[in-house]
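A.B. asks: Top to bottom, those sequences are chains F and L.
Going by my numbering, the first residue of the first sequence is number 253, and it counts up by one from there.
Going by my numbering, the first residue of the second sequence is number 253, and it counts up by one from there.
Among the clues, some could well be false.
Since the list gives no way to pick one copy over another, a pair counts as held whenever it fits inside one copy or between any two copies.
Below 20 Å or equal to it, Euclidean Cα-Cα: the simulated SDA-like pairs (lysine to any residue) are [stated by the list, open to error]:
hint	residue 1	residue 2
1	K366	A262
2	K366	E322
3	K280	D499
4	K280	T297
5	K366	M325
6	K366	A278
The hints are simulated quantities; they were obtained by calculation from the structure and are not laboratory data.
2 protein chains.
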Amino acid sequence: MSFIERYRAAHVRTGAPLCIGLDTDAAKLPAPVVEAENPTLAFNTAIIETTSDLCCAYKPNLAFYESGGERGMDALRGTLAAIPKNVLTIGDAKRGDIGNTAERYAAALFEEWKFDAVTVNPLMGMDTLAPFFGYGDRCVFVLALTSNPGSADFQRLMVDGVPLYRHILRRCLDTYGGTGSLGFVVGATHPEELAEIREMIGPEIPLLIPGVGAQGGDAAATIRANAGGVALVNVSRGITAAGRDADFAERARAAAMDFVRQLAEPDPIVADVSGDI
Amino acid sequence: MSFIERYRAAHVRTGAPLCIGLDTDAAKLPAPVVEAENPTLAFNTAIIETTSDLCCAYKPNLAFYESGGERGMDALRGTLAAIPKNVLTIGDAKRGDIGNTAERYAAALFEEWKFDAVTVNPLMGMDTLAPFFGYGDRCVFVLALTSNPGSADFQRLMVDGVPLYRHILRRCLDTYGGTGSLGFVVGATHPEELAEIREMIGPEIPLLIPGVGAQGGDAAATIRANAGGVALVNVSRGITAAGRDADFAERARAAAMDFVRQLAEPDPIVADVSGDI
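Could you build the full structure based on these sequences and the hints that come with them?
C.D. replies: In structure tokens, the structure reads:
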């Protein structure tokens with residue numbers, strides 16, 4: 253099954269394009285898990301147990317596991333093993349490097365970790381993205397307009413009257429638009445640009461939309477701007493940090509249910525590959 | 253000792269700003285090490301033994317270790333342990349992510365792996381670089397103009413009559429130029445731009461210059477363009493892939509000696525912090 257087919261099945265199952273970010277900070281774990289053999293893994297496993305029926309995808313950000321050394325890598329390995337097969341996994345790694353190196357990053361993320369999708373950074377150029385598109389059934393989310401304030405520093409600089417991020421969109425669409433593996437990252441903190449980008453790329457190109465919750469993005473505005481296109485709307489701390497006591501996993505579930513309501517799309521027309529909408 | 257002081261001592265020791273890239277591809281190792289318990293580590297250890305007196309720094313690219321899973325991480329750990337203390341270590345990771353995540357990457361690279369320097373990707377903006385500058389004695393090499401052909405795709409796009417990479421240089425100089433930790437990555441494949449960049453940033457800001465050897469950059473042209481500034485000129489495959497038989501480590505040494513000759517600076521005035529040149 254392709255990424256889009258798996259996405260579609262997950263969306264039908266949950267009724268909303270929710271992605272939960274597993275950016276688990278080992279220094280801020282709730283008391284019930286700090287005594288576990290691997291606290292980060294214990295935390296993630298509890299979150300997955302109470303939320304996997306509510307989300308289409310989990311997105312571990314690799315920074316939070318790499319900073320934990322061997323234990324962090326063990327936590328990531330265990331976390332991926334604990335995610336049910338009907339939930340997609342997105343490796344948020346934002347890698348980007350010259351050709352022979354990018355091949356190794358693609359191998360690490362798609363072969364070693366077996367993520368269904370990854371995030372990549374396009375600054376170094378189109379040749380650095382190519383190796384990630386050698387895996388047909390996966391999705392490659394290219395950074396376009398990120399959710400943070402600093403996204404204005406370079407991504408919005410005007411080139412020939414058009415912001416840099418639209419040049420990135422254009423080049424990637426022209427080169428990889430037909431692969432079935434191209435997606436983009438666009439922050440929920442930019443709803444106007446999100447709507448414009450969705451219009452530019454059409455409904456079938458997946459968007460990974462971070463920034464809802466702790467970063468200030470609004471769920472309802474995001475769903476409106478996305479206009480029913482293929483999307484995964486990510487919430488990290490808004491769900492995983494909803495509770496800090498013994499009931500942290502139940503609180504995460506309650507928060508996830510709330511986001512599902514906010515993100516619900518009553519008529520999930522997304523990715524109707526028959527074109528018969 | 254600061255990064256610059258350690259660099260200076262290393263340069264005096266070797267007479268040339270040689271950095272050796274440890275981009276060890278586990279699938280292309282010479283016969284003598286493939287039977288070792290950890291072939292990548294055995295290879296790197298042999299290379300380090302025969303070349304550490306000739307180089308100022310080693311630069312492992314993390315992709316090559318991440319793609320090896322647990323064994324890859326063990327190889328990186330063992331490699332860093334095998335590098336003598338008077339040789340600098342550069343973690344070529346090209347990370348970049350929003351604030352709380354960038355903090356975790358900085359912790360992974362500077363605290364967990366204890367690299368003396370790292371490479372970072374500035375596309376997401378100045379706020380994403382800040383956490384890396386919280387480690388006073390280290391160096392942060394920001395991607396400016398990379399060595400690959402695709403560097404023209406976005407890095408050279410013109411913004412207000414100036415290429416994007418110069419906007420990146422300017423913003424970083426203005427924000428982090430006084431920290432003593434700022435450096436840039438500029439490919440040896442662009443000698444003209446390298447000379448212009450060196451003139452723009454002055455002699456004291458370190459440049460990491462990849463692309464000499466297999467990628468086509470010329471050692472002598474690089475040294476001329478760099479004009480005696482603080483620099484590390486990286487060679488990877490040109491040294492580590494010099495031999496593929498039982499004498500691979502000796503061949504690597506011979507290649508490294510050749511690059512030292514090509515990169516030799518007879519009067520190492522670099523980083524004379526007294527200003528008394």
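A.B. asks: Give a verdict on every hint.
C.D. replies: Comparing the hints with the structure gives:
no.	hint	result
1	K366 <-> A262	within (18 Å within a copy, 41 Å between copies)
2	K366 <-> E322	both (19 Å within a copy, 14 Å between copies)
3	K280 <-> D499	within (15 Å within a copy, 51 Å between copies)
4	K280 <-> T297	within (16 Å within a copy, 38 Å between copies)
5	K366 <-> M325	both (14 Å within a copy, 17 Å between copies)
6	K366 <-> A278	between (23 Å within a copy, 19 Å between copies)
Figure legend: structure checked against the earlier numbered hints; every hint is met.
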